[in-house]
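Enquirer: Residue numbers (my numbering), protein chains in the order written: chain A, 1 to 227; chain B, 1 to 227.
What the hints contain is simulated information worked out from the structure, not anything from laboratory work. Where hints are given, some of them may not hold.
All copies of an identical chain are treated as equivalent in the list; a pair is satisfied when it fits inside any one copy or across any two copies.
Stated by the list, open to error - The calculated lysine to any residue pairs, modelled on SDA-like cross-linking and capped at a C-alpha distance of 25 Å, are:
no.: 1; residue 1: 74; residue 2: 58
no.: 2; residue 1: 147; residue 2: 213
no.: 3; residue 1: 40; residue 2: 7
no.: 4; residue 1: 40; residue 2: 128
no.: 5; residue 1: 128; residue 2: 190
no.: 6; residue 1: 74; residue 2: 212
no.: 7; residue 1: 40; residue 2: 77
no.: 8; residue 1: 74; residue 2: 86
no.: 9; residue 1: 147; residue 2: 190
One-letter residues, chain by chain:
There are 2 protein chains.
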Amino acid sequence: MEHTQQGISLAVSTVIFALRPHPETGLSTPWIPLVRRITKPYEGRWALPGGWVSPEESLADAAARNLLETTALKPAYLEQLYAFGEVGRSPDGRVVSIVYWAMVRPHEAERAAEGENVRWHPADHLPKLAFDHNAIVEYALWRLRTKVGYSRIARAFLGETFTLAELREVYEAVLQRQLDPANFRRQVEGSLVPTESRVSGGRHRPPRLYRHDESIELVDNGPLASP
Amino acid sequence: MEHTQQGISLAVSTVIFALRPHPETGLSTPWIPLVRRITKPYEGRWALPGGWVSPEESLADAAARNLLETTALKPAYLEQLYAFGEVGRSPDGRVVSIVYWAMVRPHEAERAAEGENVRWHPADHLPKLAFDHNAIVEYALWRLRTKVGYSRIARAFLGETFTLAELREVYEAVLQRQLDPANFRRQVEGSLVPTESRVSGGRHRPPRLYRHDESIELVDNGPLASP
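Chain A extracted, bound-state conformation (with noise of 0.2 Å):
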């Protein structure tokens, strides 16, 4: 393991949220990606996908690389989350993770190389992971859960265009509870702008397709550089 002089070592994970089915009720539910640790400590268990930061590379990209390595996934973005540095937090000296995450429509989660040692998991239902991570992806959700209340990060997982029913099982997905359709119009509808389009369908009256408001920035990092 490389480490500081003081005995700190300098990591990164990252927290990838996919909507899929949840195994038990069928209905959309964030899953995550985990790798199953082939090293100690921890050996053998689940674990956040992650890795060292090289000299030469920003978190960000050390993030990126670290993730593309282990499961194949280059999601559009990559946010970061919060810097986990709790003395302890490793049995094998002492680590500062700085965590990142992102949402992923089904054709980017698709990417991820699942395997022995990959799978996407439901994130409210998982094993017993390595180090805290249990604890940083319960943070991570709650953070999804607040910032859709807020932001356009419920776009992330979806395309372009969308109807105002996909947009709504996003957050029914996200906040896991149904919502009153005709309230979630009401309150969405100001930042989105609807297209000429409708979707496709024998439909008699297709519902129309709509998309953001442009004019708001996705990753809501302000005078930080975009990544």
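Go by the hints and put chain B onto chain A.
Expert: Below, chain B without anything else, positioned relative to chain A:
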């Protein structure tokens, strides 16, 4: 300088906001304490209070210790702001800085041992700082202005009870624009609890004192342990 085997050093910095009159306009505005560097690199330049992380202390503890040692400030809480880790942000090797922030009230701000090497500066009118600290302050100001809209962060600048005018002045200082008193009252009343007390003084009908609804967390860290 202490650094990792890969050549990465782990530091902490703090952005501490207090509201004080602007030196030119006299209007309340955010100020921050800065420390003059007495070592290379950037010897003689002003910088955010900070220093290295020791292996036996958490990141928040390291931030609090470095802040106390350099400025004698001891805020009631420190919240993690962001980890800055771009390659080349220090001319003297790779440094990753975990930045913490806090808002302090006037009597807390007065603890800062001002002198030749510690001084408060208006946050929107800074000299050229060491490292990327100007960009860090700009990001912290943006977060402050954004967060005041959806959290109780303004309360950190106030006492337990306050008048609507005092609360509005905090918002005006943070947002740097005047707010209509009647509109402001309508927007914030839902999150406030009126007390039985009024401001003492000789007026016929002195203004009522309010407090925030305690059912909402001040530092909204979700499932993260409170600092």
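Enquirer: Take the hints in turn and mark each one as holding or not.
Expert: Hint-by-hint comparison with the structure:
Taking the closest pair of Cα atoms, residue 74 and residue 58 come within 25 Å of each other only inside a single copy of the chain (16 Å); across copies the shortest separation is 32 Å, beyond that limit. Taking CA atoms no more than 25 Å apart as the test, residue 147 paired with residue 213 passes in both settings, with 17 Å inside one copy and 21 Å between copies. For the identical chains of this complex, residue 40 and residue 7 are neighbours both inside a copy (18 Å) and across copies (24 Å), given an alpha-carbon limit of 25 Å. In the homo-oligomer, the alpha carbons of residue 40 and residue 128 lie at most 25 Å apart inside one protomer (16 Å), although the nearest pairing across protomers, at 46 Å, exceeds that limit.
Taking identical chains as interchangeable, the C-alpha atoms of residue 128 and residue 190 are never at most 25 Å apart, the minima being 42 Å within one chain and 41 Å between chains. In this assembly of identical chains, residue 74 and residue 212 lie within 25 Å of each other by CA distance solely inside one copy; the values are 23 Å within and 44 Å between copies. In the homo-oligomer, the alpha carbons of residue 40 and residue 77 never lie at most 25 Å apart, since the shortest distance is 30 Å inside one protomer and 36 Å across protomers. Within a single copy, residue 74 and residue 86 get their C-alpha atoms only as close as 29 Å, which misses the 25 Å cut-off; across copies the closest is 20 Å, which meets it.
For the homomeric pair residue 147 and residue 190, the shortest alpha-carbon distances inside one copy (17 Å) and between copies (21 Å) are both at most 25 Å.
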